[in-house]
Amino acid sequence: MTGFWVLDYLCLAGILTCAALVVFMNNRSGSVMALSGVGTLMSVLFVVLGAPDVAHAEVIVGAIALPVLYLVAIGKIRTDVPDRGELGEEHASRK
Amino acid sequence: MPPANDDAPRDHSGQAPDEEWHRPAVGLVVTAALAAVLVVGVLGLPRELAPLPAIARHALLIALPVWGTTEPVSEVVYGSRGFDTFGETFLLLAAVVSVVTLSRSRESRDEYVGEAAAGRQEQREHDPSRGDGGEEGEARQAERDEEDGDDPLPDPDAIPLGEPAPEHAAAMSVVVRTAARPAAIVLAVASVYLAAWGYTPGGGFPAGAALTGVAVLLYAALGHRAVSRFVRPAVLEPIEMLGGAAIMAIGLIGLFLKNSMFANWVPLAPQQTIRAGGTEQLYSASELVEVATGLTIAIFALLGMGHDWTPDEDEDQGEGGAGEP
Amino acid sequence: MILANYLTAATLFCLGAFAVLTRRDLIKIIMGLSVMEASTYVLLVSMAYRRGATAPVLAARPTGVTEKDLAHGNVADPVLQNFCLTAIVIGVAVTAVFLTVAVRAAQHYRSVDSNDVRGLRG
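Chains as they are written, first to last, in the working numbering: chain R, 1 to 95; chain D, 1001 to 1325; chain E, 2001 to 2122.
Quick caveat, the hints were computed from the structure, so don't treat them as lab data. The C-beta atom is built at its ideal place from N, Cα and C for all residues, glycine as well. Wrong hints could be hidden among the right ones.
Each pair of labels, with its calculated beta carbon distance range [as the list claims (entries may be wrong)]:
(1) Ala1190/D <-> Tyr9/R: 38 to 44 Å
(2) Ala1032/D <-> Thr2/R: 30 to 36 Å
(3) Gln1123/D <-> Ile2090/E: 24 to 30 Å
(4) Phe1256/D <-> Phe4/R: 45 to 51 Å
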């Protein structure tokens, strides 16, 4: 049984360090990566704790959905980026 | 570029504020008190030797006879607690609607409501090549004419190694562009597979979110023009609404046939086959459709949010521009 | 023992609360909220764990197993895991709306500092 608890404590330690990084890091994109680290390590913890369904959802949210949302928001807040059009974000066409 | 109103305390907007923290000492005290309360509360929780609660045992017992699935978590998510998942899926729908509403570009208020949109529509019919008309288009064109002096957009493959390429590259390098297409296909199949087999873990939501990841991968690799055909709200929103309508239909049919919402009205298939699980499969598939289109709409609405600095009406009525290109 | 999971969830919650209380940057505040949500996920799934439990996947109908036997069966609690799944979905939806509001506020007030955004109108 100790093997299980070793894995469990390792994941918990990883999650705590990543969460501390998210809170105490000043660089925004860096803390987004730390937040993604929290999500991914939590997914490993869920696999260890016997919750495969939740691990599926958490790995995708932690690795894809949240970082993309945060990085797009951070990019949008930087208002001094010249808007070039092609790779830049054209106005969402309405029709 | 001087900011529109000079009294804004921070002219370099976007940069993180100078002092990072706001009264950390007080925050620490409050958090310590919160921590004490939480630890006391957490000590009282049932530990890992506690017996399974009654509802869990009930879920385990009825998983096979009533729903014909060997996956109790899916049975709980899409079966006996289907109404809860219904609420959660429609909350995601409400979040997508609010993101789309918030990120719409400002319609110029000095005309009748909808006039600018009608003008744009008419513009597109008569002169499609001109694209979005209106003063914003002209302002953007004027800016581009001024700018023409500097270098044309460098092709990423022409940029020597070691340069800060992503800062001004117009598109991804050829390696990324070619690798993205097969990867997207494989990832799309893998994410749909996640929800296809009802008796394995994984349901509609992770599969839908993975499909959104594929859409974002294609956008990042091939640029907006490549994905704009599928990603337009006019295309995605009907599909999302169809997914929502399908979920409601599944619930209501269950209500009429078995007089309880989201009850199983599909004949049971043998275990561990694709049809196992009764209405769970239908529910999971429609949630997949709704989550995939919903998250894609939300992300691309956030991406397409214009830089229209909304100057305060009263403050700088004189020189506040309607929209900064 | 599972108490370590519970205490980790409590510390995560306090870390997130500290970030929300004392950070000035709008995006960092929303990240604090995400850390608080993460702590609820850890707590829910840790409460669903039973000693020696495997994932709640049934190979076959637990024949001949009475209700009482199932009580101490070596299976994790599926209902709590469903709560966590719902919480994850709601977390994504809410974070998307927060970020859109934050970007609009930053564009309008031309600053990301929550102190400048505090100017109430009227």
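In rising order, the numbers of the hints this structure does not comply with: Structure breaks hints 1, 3.
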